[in-house]
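All chains should be modelled from the sequences, with the hints used to inform the complete structure.
One line per chain: the protein sequences are H and Z, in this order. Numbering-wise (the working numbering), the first sequence opens with residue 1 and increments by one. Numbering-wise (the working numbering), the second sequence opens with residue 1 and increments by one.
By construction, these hints were calculated from the structure, which means they are not laboratory data. Incorrect hints may appear among the rest.
[Stated by the list, open to error] Partial chain Z-side listing against chain H, Cβ under 7 Å, derived:
| no. | residue |
| --- | --- |
| 1 | Val91 |
| 2 | Lys133 |
| 3 | Thr134 |
| 4 | Met136 |
| 5 | Asn137 |
| 6 | Val140 |
[What the hints assert, rightly or not] Just so you have them, the derived chain Z footprint on chain H, three or more residues with Cβ under 8 Å:
| no. | segment |
| --- | --- |
| 7 | 180–194 |
| 8 | 281–291 |
All values derive from a computational prediction rather than experimental measurement. Idealized CB from N, CA, C, for every residue including glycine.
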Amino acid sequence: MKDLFSKFTSLSEKDLVKIDAAYGWSLNAAELKQAQRYFRKIKREPARGELESIAQTWSEHCKHKTFSGPVRFSRRGKVKKYKNLFKETIVKATRELDKPWCLSVFTDNAGIVEFGADRKWGLAFKAETHNHPCAVEPYGGAETGVGGVIRDILGVGLGAKPVLNTDNFCFGRLDSKMKLPKNALGAERVFRGVVEGVRDYGNRIGIPTASGGIYFDDGYLLNPLVYVGCVGLIPADKIEKKVRPGDLILSIGGRTGRDGIHGATFSSANIDEETSASAVQIGHAVNEKKVLDVLMRARDLGLYDALTDCGAGGFSSAIGELASGTGAHVRLENAALKDTKIEPWEIWVSESQERMILAVPPKKLAALEDILNSENCEYCVLGEFTSNNRLLVTFNSEVVVDLTMDFLHEGVPSFEKPAVFSAPRVSGRAPRKNKKTCLQVLKELLAHPNICSRHSVITQYDHEVQGGTVIKPLQGKSGDGPGDATVIWPHSATGNIGDFSGFAVTHGFNPAAGRLDPYQMTLWSVDEAVRNLLCSGAEISRTALLDNFCAASPKDPQVMGGLVLAAEGCYDAAIGYGAPFISGKDSFYNQSKDAAGKDYPIPLSLLISAIAPVEDIRRAITMNFKEAGDPVYLAGLNQKGMGGSVYGELYDCGNNRMGPVNIKAAVKLYNALLKAIKKGHVRAAHDVSQGGLAVTLAEMAFSGGLGAKLDLGAAAAEKGLSDTELLFGESPSRLVLEVAKGAEAEFVKLVKGLPVGKIGSVDDGRSLSVKTGRRPLFSEDVNALKACWKRELL
Amino acid sequence: MIIEVWTKEKYAKNEEAGFAARMARAGLPIKAARLSRLYKVEAPWTRTEFNRLGAELLTDNITEHYSISKRPGIKGCYRVEIWLKNSATDVVGESVKEAVHDMLGRSPAGVRFGRAYYARCASGEKLRAVISKTLMNEVVNVCSVNKL
Numbered sequence: 001m002k003d004l005f006s007k008f009t010s011l012s013e014k015d016l017v018k019i020d021a022a023y024g025w026s027l028n029a030a031e032l033k034q035a036q037r038y039f040r041k042i043k044r045e046p047a048r049g050e051l052e053s054i055a056q057t058w059s060e061h062c063k064h065k066t067f068s069g070p071v072r073f074s075r076r077g078k079v080k081k082y083k084n085l086f087k088e089t090i091v092k093a094t095r096e097l098d099k100p101w102c103l104s105v106f107t108d109n110a111g112i113v114e115f116g117a118d119r120k121w122g123l124a125f126k127a128e129t130h131n132h133p134c135a136v137e138p139y140g141g142a143e144t145g146v147g148g149v150i151r152d153i154l155g156v157g158l159g160a161k162p163v164l165n166t167d168n169f170c171f172g173r174l175d176s177k178m179k180l181p182k183n184a185l186g187a188e189r190v191f192r193g194v195v196e197g198v199r200d201y202g203n204r205i206g207i208p209t210a211s212g213g214i215y216f217d218d219g220y221l222l223n224p225l226v227y228v229g230c231v232g233l234i235p236a237d238k239i240e241k242k243v244r245p246g247d248l249i250l251s252i253g254g255r256t257g258r259d260g261i262h263g264a265t266f267s268s269a270n271i272d273e274e275t276s277a278s279a280v281q282i283g284h285a286v287n288e289k290k291v292l293d294v295l296m297r298a299r300d301l302g303l304y305d306a307l308t309d310c311g312a313g314g315f316s317s318a319i320g321e322l323a324s325g326t327g328a329h330v331r332l333e334n335a336a337l338k339d340t341k342i343e344p345w346e347i348w349v350s351e352s353q354e355r356m357i358l359a360v361p362p363k364k365l366a367a368l369e370d371i372l373n374s375e376n377c378e379y380c381v382l383g384e385f386t387s388n389n390r391l392l393v394t395f396n397s398e399v400v401v402d403l404t405m406d407f408l409h410e411g412v413p414s415f416e417k418p419a420v421f422s423a424p425r426v427s428g429r430a431p432r433k434n435k436k437t438c439l440q441v442l443k444e445l446l447a448h449p450n451i452c453s454r455h456s457v458i459t460q461y462d463h464e465v466q467g468g469t470v471i472k473p474l475q476g477k478s479g480d481g482p483g484d485a486t487v488i489w490p491h492s493a494t495g496n497i498g499d500f501s502g503f504a505v506t507h508g509f510n511p512a513a514g515r516l517d518p519y520q521m522t523l524w525s526v527d528e529a530v531r532n533l534l535c536s537g538a539e540i541s542r543t544a545l546l547d548n549f550c551a552a553s554p555k556d557p558q559v560m561g562g563l564v565l566a567a568e569g570c571y572d573a574a575i576g577y578g579a580p581f582i583s584g585k586d587s588f589y590n591q592s593k594d595a596a597g598k599d600y601p602i603p604l605s606l607l608i609s610a611i612a613p614v615e616d617i618r619r620a621i622t623m624n625f626k627e628a629g630d631p632v633y634l635a636g637l638n639q640k641g642m643g644g645s646v647y648g649e650l651y652d653c654g655n656n657r658m659g660p661v662n663i664k665a666a667v668k669l670y671n672a673l674l675k676a677i678k679k680g681h682v683r684a685a686h687d688v689s690q691g692g693l694a695v696t697l698a699e700m701a702f703s704g705g706l707g708a709k710l711d712l713g714a715a716a717a718e719k720g721l722s723d724t725e726l727l728f729g730e731s732p733s734r735l736v737l738e739v740a741k742g743a744e745a746e747f748v749k750l751v752k753g754l755p756v757g758k759i760g761s762v763d764d765g766r767s768l769s770v771k772t773g774r775r776p777l778f779s780e781d782v783n784a785l786k787a788c789w790k791r792e793l794l
Numbered sequence: 001m002i003i004e005v006w007t008k009e010k011y012a013k014n015e016e017a018g019f020a021a022r023m024a025r026a027g028l029p030i031k032a033a034r035l036s037r038l039y040k041v042e043a044p045w046t047r048t049e050f051n052r053l054g055a056e057l058l059t060d061n062i063t064e065h066y067s068i069s070k071r072p073g074i075k076g077c078y079r080v081e082i083w084l085k086n087s088a089t090d091v092v093g094e095s096v097k098e099a100v101h102d103m104l105g106r107s108p109a110g111v112r113f114g115r116a117y118y119a120r121c122a123s124g125e126k127l128r129a130v131i132s133k134t135l136m137n138e139v140v141n142v143c144s145v146n147k148l
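Here it is, written out as structure tokens:
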């Protein structure tokens, strides 16, 4: 292969593809030809480090070529063209909304929104995926995923202090009987490894892991999804950063080794038996904690001009990105190494963990070194930023890379991707009669892996460290009920215990809905996220969103079609809810060969993460019933349809219609409810989502250790709604509220004219009894319901 | 030298039950089990020094035992050892290496961390197959199974 490499500029397309496969770059033929043209133009053969740099910089992971490229979407005889799908949907919504409280969007490592009563702080939020590494080595993959997203927050602006980690996972069913290919790990193995990895990294570094979810579906058997997120606090005057020519390039934190080579390009490849162990690694949380401590001290003393994290692509990506407006000369012989048996190009692209790159004015180096030494944090000066717009990387006298910044960052060719979408047939007929009683169905739903307690996972995480977790992931009388949103009071970062400003974080996710209608899936997910925030008492008019798309190969037009519809849903939802997207990420090629050698893709998966301020954390509310005698209200219209529901997965009901989201009506309803919550009229609120209304009511009752007598006859409902749809349908924009009995009249005034109906009251019995009119639906002891729900996943 | 640390029997029920349950779910009933942590310290030191590391650095004396020679007393069992490959970063090993230096004023050439599982079960071959599905990952781990 070395022979071929030395003749790169004269290789045929076939040989280019061969060499790409041998070196693991994951570049396509057009990209390889573009690189070939560049080196022909400058009349020399490339060095290995140069093609490695190009592969990293142009990778899907770093460049997001699918989302930011042109798309031709054909549907029902009509064609819509996008020059840049991302900018014309998600970014467009943010630009049009133009919220003054958005301080930094889509430009840095994370989005930043204004925070705090004195507006002196920014709240940085980022989520990303680490799917491919977790499929190969779940523990190490999850650890380094958490470490990476924390570094994103450390590297936003001049550095934010992490105050919350989030985690959302998708795994194959633990009881799956599907035969796995030889190289695949079983679902339980992946599940355990990922949870342990997130636990060990988060707990050791001292950041609470307190918000997330777990979703099981056999579509994720070969390609699990691991979304990890982080929230941090940054002083508003530390958001701007700018590299200046002459600044030193300082690498701090971990040493560089041969681990993690080709992580960025690996994420654009299918996982197979040839997957190399070097693409995964184990994280070192204590090293990252040292970096964190150094940065917080050095930032406040103004000891550096800019920084970013070493993530995918290592030095190549981090230094290349920081130097994109200047230029840089990197001397790799100065790098602190784990071992000496490493080639210069490997130093350049190694993704060894826990490293950050700083741009340091030479006169401030000594002061920074004092802090680094006092925190026992390793560092090395790698070179300096220049003003010649060139990336020059040397190892002693050897030139490893000598490229223009323009070519490296703007040279990647773009291609129009075809997109189509054929929707499955939708049936809206009344659900078939179920032989099981409503109570039997409810108990099966409560025990379903996508609904049952996550206690055995959540309690492995330290969700209390830093002392600011006000509303915890597990809630209720015994601290074991399923919360809608987590509320954090970040006083450990602001140092101001007189300011009770906090923030709520939550998520919306429903790939089952995406199989039917990716557009409605997106609206459902955003609606669920906003509703969850509302249920904690957060200021939903200041909701900021993150989009994290995961999909199979974008070379499949049907996959691209789903993506287009979901992106259009993002635009409509953001505009409708007044909730801008502030950051996002995508992960493609989540598909593998099954045991029979057939492609096995994941379903289109869009995680919506949402964050909103809570004006006074002392007034935040939880989901469990609180007091006997309090009236219970159901808000929102109960629509027909069982599409996207857990019931629909368990029983063949012959109905897969999804109730569409009426955003305008939802916003009107939520605003009125928020007023009531802020006035203290609402004691508990819980959204209706997976499992439907019956599950929501059961969860509120058993989490509060209280019973209730409820009549759903007064609930706002579509005409002809069946009992199955009412109890187990998952139509959007609904929530159940416990209203303080002394404030009922006030509450009713606030929701007048809205689809809000009284359905009964909490009592101090131990039974949850539900009927509609005179027809009893089910009645059961709340402890018996809880016993069904509280099965252990691990 | 390998220093082996295991939870005292009266505190070990949960970890043993968890391990047995995982094995049972994977299709292998376990009659008795013990679990331990292994620290391979590469240094030409005396047994007294290794004993000091075991007693003062690696063991919580209230809940754990350590040994540089003995094994837990389960008769007729298999011993499974799982280590990270030398090419994989061993974070625990690195941290212990630093701690050893802080304690003795000298650094060992290296420290690697591993785990041992003692299991009384019907078949060593079956145990190996189940272990490869549940506790080890060939991408990063090496494993050995021996009858005691």
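Problem set entry | Numbered hints the structure breaks, given as an ascending list | Violated hint: only 4; rest satisfied.
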